[in-house]
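2 protein chains.
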Amino acid sequence: MVERDNPAAGVTVEFQPFGRRVPVAAGATLLQAAREAGMALLSVCGGAGICDSCRVRVVCGDVSVPSPHEREELSADDLGAGYRLACQARAHGDLVVDVPVESIGAGQRLQLECDTRLAEPTRGASGRDRAVRALDVSVAPPSRGDLRADATRLRDACSSGGGRPLPVMPAPVLATLSGALREQSWHARLALDDERLIAVLPPSTRLLGLAVDAGTTKIATYLLDLESGKTLAAEGSVNPQVSHGEDVVSRIAYADTAGGSDVLHRMLIQGINEMVGRLCTTAGVAAGQIVDVVLVGNTVMHHFACGLPVRNLGRAPYVPVVTDSLALAARDLGLEVAPGARMYLPPNLAGYVGADHVSVLTAVGPPPEGRTRLVIDIGTNTEISLLAAGRIVSCSCASGPAFEGAHITCGMRAVTGAIERVRVVGEEVRYQTIGEAPPIGICGSGVLDAVAELFTHGALDRHGGFRRDHPIVGTRGGQGAVVLASADATGHNRELVLTRHDVTEIQLAKAAIRTGIDLLLGSTRLPVEAIDEVVVAGAFGSYINLASARRIGMLPDLPPGRFRQVGNAAGAGARQMLLSVARRREAERLAGSVEHLDLTGDSRFTDTFASALGF
Amino acid sequence: MVERDNPAAGVTVEFQPFGRRVPVAAGATLLQAAREAGMALLSVCGGAGICDSCRVRVVCGDVSVPSPHEREELSADDLGAGYRLACQARAHGDLVVDVPVESIGAGQRLQLECDTRLAEPTRGASGRDRAVRALDVSVAPPSRGDLRADATRLRDACSSGGGRPLPVMPAPVLATLSGALREQSWHARLALDDERLIAVLPPSTRLLGLAVDAGTTKIATYLLDLESGKTLAAEGSVNPQVSHGEDVVSRIAYADTAGGSDVLHRMLIQGINEMVGRLCTTAGVAAGQIVDVVLVGNTVMHHFACGLPVRNLGRAPYVPVVTDSLALAARDLGLEVAPGARMYLPPNLAGYVGADHVSVLTAVGPPPEGRTRLVIDIGTNTEISLLAAGRIVSCSCASGPAFEGAHITCGMRAVTGAIERVRVVGEEVRYQTIGEAPPIGICGSGVLDAVAELFTHGALDRHGGFRRDHPIVGTRGGQGAVVLASADATGHNRELVLTRHDVTEIQLAKAAIRTGIDLLLGSTRLPVEAIDEVVVAGAFGSYINLASARRIGMLPDLPPGRFRQVGNAAGAGARQMLLSVARRREAERLAGSVEHLDLTGDSRFTDTFASALGF
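Residue numbers (the numbering used here), protein chains in the order written: chain Z, 51 to 665; chain E, 51 to 665.
The shape of chain Z in the complex, shown without the other chains:
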């Protein structure tokens, strides 16, 4: 955060939820202020006021009246609620501005994922019910007249104060005991839970926890201070297992080769260990301070993390080894943390609805009494839960890798240089890339945007076919296609196009998701309008333009105000469970009450899917 002395400045703009404040000259646009504050706000049209990608909400303060552009791009409802285009609205006085997730560039979102409000773990819990507690002890040193074993003298020191007796000391903790007591001159901070001693640390050491969201593609890790509950550092990294396959199906196949299962287990653990190393460097702490771990992931990642075979997750009827919650010795699994630390994993629901979705549901929490909530975690596999009238019905749909940029002609992951937003303005295609770098490909949110915009502007028909008579539709290889970026624009002599094939991939993906939503509604006999809130979670869910998703029918056409993008809710849930035993029990109860809907076993599946393919 930059606080500069600006002689011309008369006003201050504060951007939520980042908490960034910046002084600007009175009359500056909010887009200028955002740039000044180092915020990567989207601006597909380049500030011309002809798209709505820079939508923000003015919470309070004196701001210019809406411009004609704003009145065109924003609905009266939105304007009434304070929504404005950042490139048009000008600050006349001090302002507080709320930035919706969908107006933030991908680079910034990663950051947001680490401080989304969901991570606040105190909802409904005291916030002091950690699984691991600290106990400070002073131990009598041995002498000629006192030959008790180190473990005995520690036990005696703990119970002498009338405290609870010391629980079991696992072998790896015992192995550190004698050295630690002597190095620390017989004073120690113990980390312990109800069942075991976890670590013998130097006095005043902060106890830390590690939350891990192990995704098929990406791993997110969070280092938390167990006393304050604060996130000290966060790290995102590609799952190193991708070298053995992009999706879970190819990893399951690799695991079935000789030694493959063990290789994938160790790769995942090693990847986490490397991230832990970086987290600890960032926070200036030691990995031995990590006394508790929570890991969430889909069922396949869950099994890999625990060293369990995934074989039967790859063949019908897709039965996991275990669905109950687990608390395993982290060291035995290879995690380089405190010697006695356990790794807690919330329950899985079924073969393809994993502990990560349980974590999302836990993070989001139950809807208010009498309200209906739809929770969608979009990925290669999309999990959807409908929470209504005390019931939770969940399903899993094979939405495929199109949203990851795979199987798309010019597709790529959401990294720097990927087209992440597309707008059609008249006969021109405009786009914005991640990091505002020259375009090198199109990521999932860009493809989704492009399809929605081309349909809205009449370049695609209801069935996904290009209208050859539309001015922006050309042909490539005899097929209809639209050029998103010319070879000149990309700077590497290769144009970026969207083809009929790409449109079909998006149609299949969105139909899969919509079918899941519709069949869940069918199973609960609720009309789509009954949904009071749609919570969109997950990496991809955070990047997409919800308006585009609604326009192509992937999400129900409900008022925009009913949608909420919550970022990495699985990671937030993991952090909540790391800080609260009550939250773990909640996740277990929740998992026990979920009704699983097997979509492919549903007689309505084929018809529903077919009708969901069109726009």
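Certain hints may be false.
Stated by the list, open to error - Computed list of chain Z residues with no C-beta within reach of chain E, every gap over 12 Å:
| id | residue |
| --- | --- |
| 1 | R71 |
| 2 | A87 |
| 3 | D144 |
| 4 | D148 |
| 5 | A377 |
| 6 | G415 |
| 7 | S536 |
| 8 | S643 |
| 9 | H646 |
Claimed, not checked - Chain E is nowhere near these chain Z residues, computed Cβ spacing over 10 Å in every case:
| id | residue |
| --- | --- |
| 10 | P73 |
| 11 | V187 |
| 12 | G334 |
| 13 | A337 |
Unchecked claim - If you only want the chain E side, here are some residues facing chain Z, beta carbon under 7 Å, derived:
| id | residue |
| --- | --- |
| 14 | S188 |
| 15 | P191 |
| 16 | P192 |
| 17 | L197 |
| 18 | A201 |
| 19 | L224 |
| 20 | C356 |
| 21 | G357 |
| 22 | L358 |
| 23 | P370 |
| 24 | A400 |
Keep in mind the hints are simulated off the structure, nothing from the lab.
All C-beta atoms in this analysis are idealised placements derived from N, C-alpha and C, irrespective of residue type, glycine included.
Put chain E on the given structure of chain Z with help from the hints.
Chain E in isolation, oriented as in the chain Z frame:
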């Protein structure tokens, strides 16, 4: 056991405790019968009837009257109790003959160690209180309509019969669950204890247990059938750690080098794993059937087995990491047994009185009401316990490595070719070697015998000096010395001698042990005659000639009938604890009640030691 058709045979001789029966011609000596039966009976004088090394006891049957030689070598009491010289006594009818441990050659004793009566574990316990039980289950296979996780369907199958709920499934067991259930067509024999599932085995699999006596020099392992309690196979092997030092002091020093501790831990475990492999081959079973493990050892071996640092066992005040009993996950320590198996270790008493001595005390059991018992486990370090009037007082004495053949001029371990018995007959030194091979050195029992015989025959004075005027005393390097075997006899141009230095080593060793005995008696204010029974345990204790040990004052001069050699009682105790939870609790209670006497801290130590040096 050989059962041959011998036309001349009229009688059968049965040797106890081996249970070997052999038909021989009427009138054959018991020594001939023993050889016929493949028994390595000692016979230092070669059957001339001029030593008592082939002493046996005729339990019942028709035998020749004592010869003049027997009346000379054996006391009237011994003769009255049925003791005879095997080379003199002849079988006139069917006989049952008991072979005392001290009359058996070293080769045979190893075998005896495996079926000593101490290993019978049912003393005082029902014999059915195993730590691990079997449970046979049939599990419903998954189907489209039954997508429960494998762990859930196993749990449900267990509780459906109204049985106890299934305990925790550790990660390594979970990892085998899905494969095992499918390979076994959904039928399984579970091995489980009260806290966890240990293995998922094919139906009808025998559950096995492993008992380990991890000595500094030698490791003894026993494979037991947990149902019948029978020992299926036993293996003895040199502790592979000897490559990093003969004694615990040098191993502690090596463990203090970088990575040394881990190397020694893995060497020990690897050594046990290799023995397990051989045990399983012998018994025709799989290592995965081993669902329970008990390990006993001195405190240093105990710590190495558990992966605990031994550093503070090598520096005053010699404090162990832990003395309480432990039950650790065997797999985590590297043992290749059933995935959930625990390794139980009984408590240690103090830095130098280890779990192996607790195991000896457990195996031997308490003395009858009102009786006093001395239990001695002789080794490099000798542990002694005095059990009297409900008290147990224990101490440890640094008897040194002389009994292992170390620091002795022509010393060697008790292996083939070692002189194990010495008799002085007139002016001639007679000896017997292990395996009756040409002599290549002298092992501890041979040195002890030689010193006792030389003192008895006037070649040594009370202070351990050679009497130069004695006909068998010569000089070597200007010092008094006795040739035990000439260069001709050894066949390798090197004579085997006993020097003043060797006598001193034995004096130091025996004085250390006798000091321990005397100070224990002093601390309980009991006279030596109050000892009703002396139990001599341990590898070395089984090899020695007790008469020699009494003659040089290492053991108290009590009537021979009060002494009992029990072989590897530590291993027997381990087997008892493997078969009985009650026996484990007994070991723990026993350890909790032991009073430890720190000899070097005793003011009477120096005087007592000095007076114990002479003969």
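Query raised in the report: Given E:A201 was flagged as interface, is its beta-carbon under 7 Å from a beta-carbon of chain Z?
Result: holds (4 Å)
Report task. Quick one: work out the minimum CB distance from Z:H646 to chain E and report holds if it exceeds 12 Å, violated otherwise. Result -> violated (8 Å)
Query raised in the report: For Z:D144, which was marked as not at the interface, is the minimum beta-carbon distance to chain E over 12 Å?
Result: holds (56 Å)
Requested in this report: Quick one: work out the minimum CB distance from Z:S643 to chain E and report holds if it exceeds 12 Å, violated otherwise.
Outcome: holds (15 Å)
**Report entry** Interface restraint verdict for E:C356 against chain Z (beta-carbon cut-off 7 Å)
**Finding:** E:C356 check passes; min Cβ-Cβ to chain Z is 6 Å, inside 7 Å.
Query raised in the report: With d taken as the least Cβ-Cβ distance between Z:G334 and chain E, does d exceed 10 Å?
Result: The claim stands: Z:G334 keeps its Cβ more than 10 Å from every Cβ of chain E (closest is about 27 Å).
**Report entry** Closest C-beta approach of E:G357 to chain Z relative to 7 Å, hint status
**Finding:** Holds, because the Cβ-Cβ distance from E:G357 to chain Z comes to roughly 5 Å (cut-off 7 Å).
Report task. Double-check E:A400 for me: the hint is only fine if its C-beta lies closer than 7 Å to a C-beta in chain Z. Result -> holds (6 Å)
Query raised in the report: Hey, does the E:P370 contact hint survive, CB to chain Z under 7 Å?
Result: holds (4 Å)
Query raised in the report: Taking the least C-beta to C-beta distance, is E:L224 closer than 7 Å to chain Z?
Result: holds (6 Å)
Query raised in the report: How about E:S188: closest beta carbon in chain Z under 7 Å, or not?
Result: violated (17 Å)
Query raised in the report: Any CB of chain Z closer than 7 Å to the CB of E:L197?
Result: Constraint on E:L197 satisfied, holds at 6 Å.
Hints 5, 9, 14 and 15, counting from the list given before, are not met by this structure.
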